[in-house]
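Enquirer: Same order as they appear, the protein sequences are chains G and B.
Note that my numbering has the first sequence beginning at 353, numbered continuously upward.
Note that my numbering has the second sequence beginning at 353, numbered continuously upward.
Where chains are identical, the list cannot tell them apart; a pair therefore holds if satisfied intra-copy or between any two copies.
Restricting the straight-line Cα-Cα distance to at most 25 Å, the calculated cross-link-like pairs of lysine-lysine (DSS-like) are:
no., residue 1, residue 2
1, Lys496, Lys635
2, Lys632, Lys496
3, Lys556, Lys496
4, Lys547, Lys496
5, Lys543, Lys568
6, Lys568, Lys496
7, Lys496, Lys543
8, Lys547, Lys568
In short, the hints are calculated from the structure, not lab data.
Protein chains: 2
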Amino acid sequence: MTRVPMERLIEFGAEVLTARGVADDRARIVSETIVEAEAFRQSTHGVVQFRSVCSALGVSADAKADPRVVTDRGAMALIDANGSIPILAMKLAREIAVRKAREYGVATAMVRHSGWIAALSTHLAAVAREGLLATAWAQSSSCKDCAPFGGIDACFSTNPIALAFPTDEGPVVADFSTASFSMGATSAMIKRNEKTETPRFLDKDGMSSRDPAVMKDGGSIMFAGCEAEGYKGYALSLFNEALTAAAGGSANNPDVPGSQSFGLTVIDPDHFAGTEYYLKEMKRFMTRVRASRVRDGVDRIRFPGERGFAALEDCRAQGVPLDDEKLGMLNQLAAECGVDPLKAD
Amino acid sequence: MTRVPMERLIEFGAEVLTARGVADDRARIVSETIVEAEAFRQSTHGVVQFRSVCSALGVSADAKADPRVVTDRGAMALIDANGSIPILAMKLAREIAVRKAREYGVATAMVRHSGWIAALSTHLAAVAREGLLATAWAQSSSCKDCAPFGGIDACFSTNPIALAFPTDEGPVVADFSTASFSMGATSAMIKRNEKTETPRFLDKDGMSSRDPAVMKDGGSIMFAGCEAEGYKGYALSLFNEALTAAAGGSANNPDVPGSQSFGLTVIDPDHFAGTEYYLKEMKRFMTRVRASRVRDGVDRIRFPGERGFAALEDCRAQGVPLDDEKLGMLNQLAAECGVDPLKAD
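In isolation and in its complexed conformation, chain G is listed as follows (with noise of 0.2 Å):
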């Protein structure tokens, strides 16, 4: 395991974007973003992802390209991510909804034809920052995960939510699938040959099964909440899908080449009882929560995106760690787009 300050390991991507044509302040908010991902442990959206941003520039999208601002009218906008870097489309929306937020209370934000933009919480938290609440709600058109509750068929990708608010600690953060387990998590189990302990995939034929390896043969993952809850995963869902139908990229439609579509929701607390009010009450809230007597094996009672938070702190602090892999494919990149590699310390 290697540690590579975080700075270095931000300007280390920008350069290999930078190498592949992307504009110096653009490749400086990717890497910023993929870097911040894998700190804070979402290391499926972390630093793996500079490869497949680098193959997806010129196939996908465009290194010049900018993310298109189609409407921007009182408190909403729609962005057309319009072959750029999607993050560059997710970060001008969530620009464009903490403005507005400030301005008229609540913000909504919409992003089309876009594609993996990082994890929801890597952006919800730099709204939190800001002292705002917000909700994201994400889909993906291509994928076929998730069966309607009742149903056999899959017709739903496993459509994360992410819902993030402030505290004077710093930001509360949650980022999960409407399903009961993410595609990356289901794809880690499969390779580990892992089983659950109760049912939470669908065999081809409808059947419940504890083996994710099921999806490899026509299944599909239960919605969150699985046999017992699931109605309410499959709810959860289909709001995903309502509301980025709204946003205008074909994101339901499955004869359309794939993107992936993006709702997000800021709201400013100023505007209702104050952010001082709700700060005080929020505080108070937590006190209380923590105060909680906790389960056997349970260390301490903990908020959303906490140890996330912690992981990215002692990253600053400390380098992020990378394993062997992760640096050999990362100096391997750097060898195809002539960028120095990064160095174990």
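Chain G is fixed; fit chain B onto it per the hints.
Expert: For chain B alone, coordinates are given in the frame of chain G:
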């Protein structure tokens, strides 16, 4: 079982409320909301609540009070129930949010110092009938139903959320608890001496349990998703807390008199890719979802609220079914208020 014409039941409820000093127009709004919840088969929010609303008059609610708009700025509004019948505050919030969403693309209205407002779905169905998407988050300050994920001591209410979106067939509406069960469902199971198939409760020492009766002895309801995915219900419930903290009604403070708070966000698809486009996309999507094969024991794929809307249609055509217990309670209330009783058909 008696069927009472829906309009007659609404008039009856309004007469009861008017007899208790509520002005005609307000009595009509409250009665319509309650009867619609009954017809939608949200019966814990239905006609049994006429008694509760009457009992609250002069105690926690004033027949003459109006909800108060505390702030109305940009795309937001903050409403204080102000001792009014809380349904009136929620109706005002949704009307302002609908108007503002049409103007700004999105709007958020919050309600504080409120109480029971009937089912969230009743209010959201009305918003979706206007062609708009909506989310609602509710919080109750005095309930101790759920412990923080990993914890033992209950300090959350079952904090429900609701989601609604329009389609060319009418609204799709989901309304569910961020706990594994609502308190209503839990109480009903306790009454019937039922246990759950898998553990969905914690006893007073934090041991998992299938017995809802643990609630009578310091136990709690697990969050939606239970042991495996309860962190998702926990995250949703925390967002209910944060959003309503911003409403300014001391929502998270157990040391002040109990009240309920609500956050409602409404989005107008017409500002994004347009209502016509949105409805066309959703129609194709729903057709595809319905084409899925069904699992054993499932007759067909349904969308959230489908059974409720079918029941509502049936009630509009055939009258609202009332069992002898409900009819007896309503006619007892009529006698107390000097109002003509409902007749059995």
